[in-house]
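A.B. asks: Here's the letter readout for the chains.
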Amino acid sequence: MATAYTPGLLVSENITVRKVRRLPIQGEVLVQEGQEVAPQDVVARALLPGKPHTLNAANKMALMPEDVPSHLLVREGDEVEEGQLLAATKGIFGFGKKELRSPISGKLEMVSRVTGQLTLREKPVPVELTAYLRGKVVEILPQEGVVVETSGAFVQGIFGVGGERVGTLAMAVASPDEPLEESHIGPQHRAKVVVGGSLVSLGVLRKAAEMGVQALVAGGIWDTDLADFIGYEIGVAITGQEDIPLTLIITEGFGPMAMAHRTFRLLQSLEGREAAVNGATQVRAGVLRPELVIPVEGERQSQEESLATSLEVGTPVRLIREPYFGLLGVVTALPPDLQTIETEARVRVAKVRLPSGEEVWVPRANMELLAGD
Amino acid sequence: MDRILATDCGSTTTKAILIEKVGDEYRLIARGEAPTTVEAPFEDVTVGVLNAVREVQELTGRRLLQEDGEKILIREGNEESGVDAYFSTSSAGGGLQMMVAGVVRTMTAESAQRAALGAGAIVVDAISIDDGRLPYQKIERIRTVRPDMLLLSGGVDGGTVSHVVELAELIRAADPKPRLGIGYRLPVIFAGNVGARRHVEEVLGDVVDLRIVDNLRPTLDKEVLGPAREEIHDLFMEHVMAQAPGYHKLMEWTSAPIMPTPGAVGLLMETVARQRGLSLLGVDIGGATTDVFSVFRGTFNRTVSANLGMSYSMANVLLEAGLAQIERWLPFEVPPAVLRNRIRNKMIRPTSIPQTLEDLMVEQAVAREALRLALEHHKSLAVELKGVQRQQELSAFLDYEGSGSTLVNLMDLNLIIGSGGTLSHAPRRVQAALMMLDAFQPEGVTELAVDSIFMMPQLGVLSPLQEEAATQVFERDCLIRLGTVVAPKGTAQPGEAILHARYPGGSVELKAGEILRMPVGEGKELSVELRPARGFDVGSGPGKAREVTLTGGAVGILWDGRGRPLQLPADPRLRRESLWRWFEALDAYPSMPRTVAAGGS
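Residue numbers (my numbering), protein chains in the order written: chain A, 12 to 384; chain B, 122 to 722.
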């Protein structure tokens, strides 16, 4: 039987983090194995083929497609400049003369005798891939990219928007259950990764954008505020490409929710350090969660901290579904047999002691393991 | 062939089934499952396959793996250990993502779409000369989408060449790269006008991996999808699967090529419909997508609604349907912001399950809308061929707006098969039946069933090779028959008599606005005479009587007088009361206080 509980989000003080940095197409790797890199260092580069333009010469010149090549003043493969004359017809007694000029600077790639179409291509566009993490290049993927490794703290959120950013970690609230207010954000947070408590609102997001904040991290957000901030509603949990001025990482879920104490305390202890963050989320096979990586120099270990992956009596858990959504607790019993719950579904359950002392039955699918809180 | 092993490598779980011949018939002996291991840290699909098979091995006590446990054991004779054949399907790694192109949106581009969907692909975009986009927009789209392969069609044989070549030129200009395998050439299948082949080859031959097959629309009134579909399957094996971790090993193990999961399900549906002479509708509601399969008038169609699902695309159901459409299925009031947050929280924690009854109802309300939207989508693509009546030059159809009528006829529909966790694992079977009734609104007399453990993919891949084994196991071990619904088509004021049904030893009076449940168990039948009221149709025409045999099942026989189209009271209070009344009449949920109100976030 497949595991009936969710391994929690990874929150670790010291872990080896490896990131594969891969170009979208083949290119050139610019660093060596073993080289130390900073987040903004370019590690690989490729030339993306320029944007193509099609030009229907037959229509524009009133020619049959097969007659287009004989009226061209340039040949396939020639470089062309914007405005350059590509083709001309003489007309009759000087009347009805037609000219065709290039709309772009680039290359004439193809001339079609069937459609009378010209394909012109703009100059190649260089794409540069940065290291993202401060660390060491541990592997070269020839022509494709590199693997960068670092050691430090690693925190996964549950959901995020916005791509990779780097900034200094700054705490904006004093406790994990304190909502982030507009007054908490100021000019001192320019270029910072700002950590709030239980809730981030639309007003806070706008103020943070105005102040030049790189990223915001908080426990929860109202669904409607998120839609207003990014300008549309997210339908499928695949994010990271949004065109927004800052990256947002939600650690717990939608609605006001105190950030897990351990996450908050860990981030608090690392205030002032450089954090690499990425809001990209993909909730499906090969789950990708948003993350914060905070390299801690001089404490590099090759040992990975293993996440609690087995549910036992005494395991701290977070409950992730109604009617206990957002509560933390400790497992007190794990009956092996299937039990019938209120919906009449027969599932595996666990008994969980809530902070109030009350003990409740919860389907194992509705809890996430916490690695010691 | 007496012992057959089959696996389906899904994106999260790999499922194995063992089939054996017991006496004269094939039966399911055991099933096992294990997490799919395509992703890190394993990056080898065979690890999950071996784990799933190991579970079957432990459950049955039969040795199915070689001694080192590293490979499936294929036996030569009738030895005690091993299997006679092993098959597999796969949808891991995002399945097969395709882009299609054709000259006219409603004709060759649509035929190309049907070919790709029928082969089990997700169609990420359909490009056509008349799709309203400018050439550079189409090029940009081809460049950014990065499909696994592209199917180019266009032109009947002897028809347009220049439009087809224009599409080929767009593809060349885009210089598309495949999603997997950096540095590989994108596979492109050309299934268009034979007269354009030479030109297409000239334009594309040196930049993509070009394959040429028979025209999928050789004449306007003929659609021939087989050759294109087969080429898609071959390329799926050669390119897509070969790029996925561990698949080269798995490909060596199987007794027949690995198929994309939905392609295999489609094959099974086609086989069943052909054998039993049925019109059927199949639906698989998953976490990310909802697939709809249909066979009407012998024509098979499949659509995939890529972003309608019950977990990570659940919020998209909210977006496409709107909150009010979901709320209308709830018998209690929930503050809109709370409902929205709840749906989003399921999206980000997709493996969680409803613990409270109220939460279960919310999920089933979303499922109704996902199913309804998926059927709408399906109806728009499962259509008669367009343009058949007008024998003109193909280019004359560029502005042709006429649409072929849909093949989906809910009155002709004989059987609905539901699968996917929400339907197959609904705590009460009647909940699955009701979700399908509300979402699809079948008319007249329709049988309902659910797939017990989703083994249709494995049976599908088996069906072309061992049709008998596949259909026997499907009928006996895979399908759970829920029963039959009788739903007169038409509307009337609540309380008006709309149907009188007589059967040996009894009768039913059905009134508008009510739904009744009659317990008739599996394997039992009821011969009835249906006499609809004036204006109501049960399959023989408005007001016309019909004699029919209804089959029972886990739910029994349902008499649905709620009208077609289904009438929900506009007033929220009355609507909620109606829902409670229907739930009670069907014994759909355990009793709960009607005043329940959803709280929390």
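Check each hint, because a few of them may be wrong.
What the hints assert, rightly or not - Derived pair list, reagent style EDC-like, types lysine to aspartate or glutamate, alpha-carbon separation capped at 16 Å:
(1) LYS62(A) to ASP296(B)
(2) LYS298(B) to GLU155(A)
(3) LYS62(A) to GLU160(B)
(4) LYS30(A) to GLU160(B)
Everything labelled a hint here was simulated from the structure, so no lab data went into it.
A.B. asks: Compare the structure with each hint and give your call.
C.D. replies: Going down the list of hints, with the structure as the test:
no. : hint                   : result
1   : LYS62(A) to ASP296(B)  : 10 Å, holds
2   : LYS298(B) to GLU155(A) : 14 Å, holds
3   : LYS62(A) to GLU160(B)  : 34 Å, violated
4   : LYS30(A) to GLU160(B)  : 15 Å, holds
In the structure shown, a violation is registered for the earlier hint numbered 3 alone.
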